[in-house]
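Number of protein chains: 2
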Amino acid sequence: MGAARFLEGLVRVVPQKKITIVGNVGDDTEFYGLHVSPDLDIVTYTLAGLVDTAKGWGFRDDTFQCQQLLQTYGYRPWFNLGDRDLATHLFRTELLHKGKSLSNVTASIVSRLSLHVTLLPASDDQMQTHLVTRSGQMHFQEYMVKRKTHPQVSRVVFKGAKEARPAPNVIKSILNAEGVIVCPSNPIVSIGAILAVKGIRSALRKTKARVVAVSPIIAGKTVKGPADKLMKSMNVEASAFGVAYYYKDFLDTLIIDNEDRGLASRIQAIGIKSIAAQTLMKTVSDKIRLARLAVSEVHN
Amino acid sequence: MGAARFLEGLVRVVPQKKITIVGNVGDDTEFYGLHVSPDLDIVTYTLAGLVDTAKGWGFRDDTFQCQQLLQTYGYRPWFNLGDRDLATHLFRTELLHKGKSLSNVTASIVSRLSLHVTLLPASDDQMQTHLVTRSGQMHFQEYMVKRKTHPQVSRVVFKGAKEARPAPNVIKSILNAEGVIVCPSNPIVSIGAILAVKGIRSALRKTKARVVAVSPIIAGKTVKGPADKLMKSMNVEASAFGVAYYYKDFLDTLIIDNEDRGLASRIQAIGIKSIAAQTLMKTVSDKIRLARLAVSEVHN
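For the record, the sequence lines run as chains B and L. Position 269 (the first sequence) corresponds to 1335 in my numbering; numbering is contiguous. Position 173 (the second sequence) corresponds to 1239 in my numbering; numbering is contiguous.
In case anyone wonders, no lab produced these hints; they're calculated from the structure. Please read these numbers as outputs of a predicted model, since none were measured by experiment. Each hint should be verified, as a subset may be incorrect.
Identical chains blur together in the list; that is why a pair holds if it fits in one copy or across any two.
Heads up, simulated DSSO-like pairs for lysine-lysine below, C-alpha to C-alpha not over 30 angstroms straight-line [stated by the list, open to error]: (1) Lys1238 x Lys1295; (2) Lys1272 x Lys1084; (3) Lys1164 x Lys1225; (4) Lys1164 x Lys1228; (5) Lys1238 x Lys1164; (6) Lys1225 x Lys1287.
Build out the structure end to end from the sequences listed, making use of the hints.
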């Protein structure tokens, strides 16, 4: 979500053709036999201007006729799939069943939505972010959407991540990038699931490009989502410092919020530069300003 | 279609629990990876009072949001699948992928739609009705819906019918029936595809029950659909007599329209009794009257 909002600014600062986005697939799952890729879809829908901005997911002006009838067939939907949204999942699932890779399908979706960015799933292999909680182990979407982040989390498990190979061009695009920006997303589950794919974290360490992250935590809290909660569960300080610490093996610069200026010296002490700015993105101008800052910093 | 309309009357004459319907699966096909069973669905939707009666297919008050977006993904839909309708196909496809049989899935749909009839697909195995035409060989739905029955047909091919086994209970239900009614459907493709499944035609010959058919042809024409056209292509006279002739190895009685009284002696000459009645079903009363006549005749 934060990533998609940040990218809305980025595409207004850098030509789409120069942007390669590596997307999290740990949130992928199946509903009614359809392969759903929530993180990839939020990026494409947002950049295509199709997202329901009020809800923050799905298609604008979508209806839920299919989902309503699915209840007649005994399903108890807790992950809302709108009728228009379903078209994406039908298209993706049909192509996957025909043997296409998720990268390949994602490229088709990007192109069909008239986008020119390169969107790479972190991996074409199946991997899922599960949380070990007091109520048992569950898929991240179940924790997030069905259980509304209530169960206390003790551990994050990236199921299949060890066997998952980075999708084609992921490593190459990191190594050969002019600059790398880590979007303001959940460090533990969203960015974490990308870093869990073998070779990605080390590519970030190896790349000659500067790596700049935007902190998703402002004054110890996330704007939306359970990042702060999950950082605490993982014994990571829920602060911009915690973010810096979590990324410290590959990060050059962390953009922190003006409210977190006080953390600059602690961040510097672990060898990371910090820049304070307004990181809350309310308007398109906010998004552009933040993207411009990140871009100028990777070129620094 | 004619079958579904007839069955609307039948369920008002005979308790649903006493009715077993053997449905055509030759029209089944896949769209967007979903298994669509048009003939089974028209029966369930009609009996559940959910059918769009104006269009004669699909759900009442359905929307087409998903289909509209599928066009963005490069599909050129010619078979309309509404958003609510999609729920049936998602449910069916998911269960089939999980290894359930079509019979099994169909029974679930029937039950979920609060129906109490037994609806048996003629076969759980894949078979498809194809037409050999001047424009090449094509699936019946393509001929019917996409090509609007324009191409001249030279031959009907029931692909896979020779290998298709009758679904569980199909043969038994014919052999043990109190009476068998062949609905007023297309004799060549709808009833024809059922008869093409090995063992079904011979069960109709063997059953001790009386077999009563309702002619779908009135004064040489079908009420709707290409039955007359296809009968001619197959060198079957497009008349109630042609219907009797096509079914003559298993049929006891043919209910013909009052307009076709003149054919009674020709029908009798091939050993089949005919009864003239009003066979055009405009109102629910028409349907009930016709169903009552067919039922009284099987008990005769």
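Task: Enumerated hints in conflict with the structure, sorted upward - done: Structure breaks hint 1 only.
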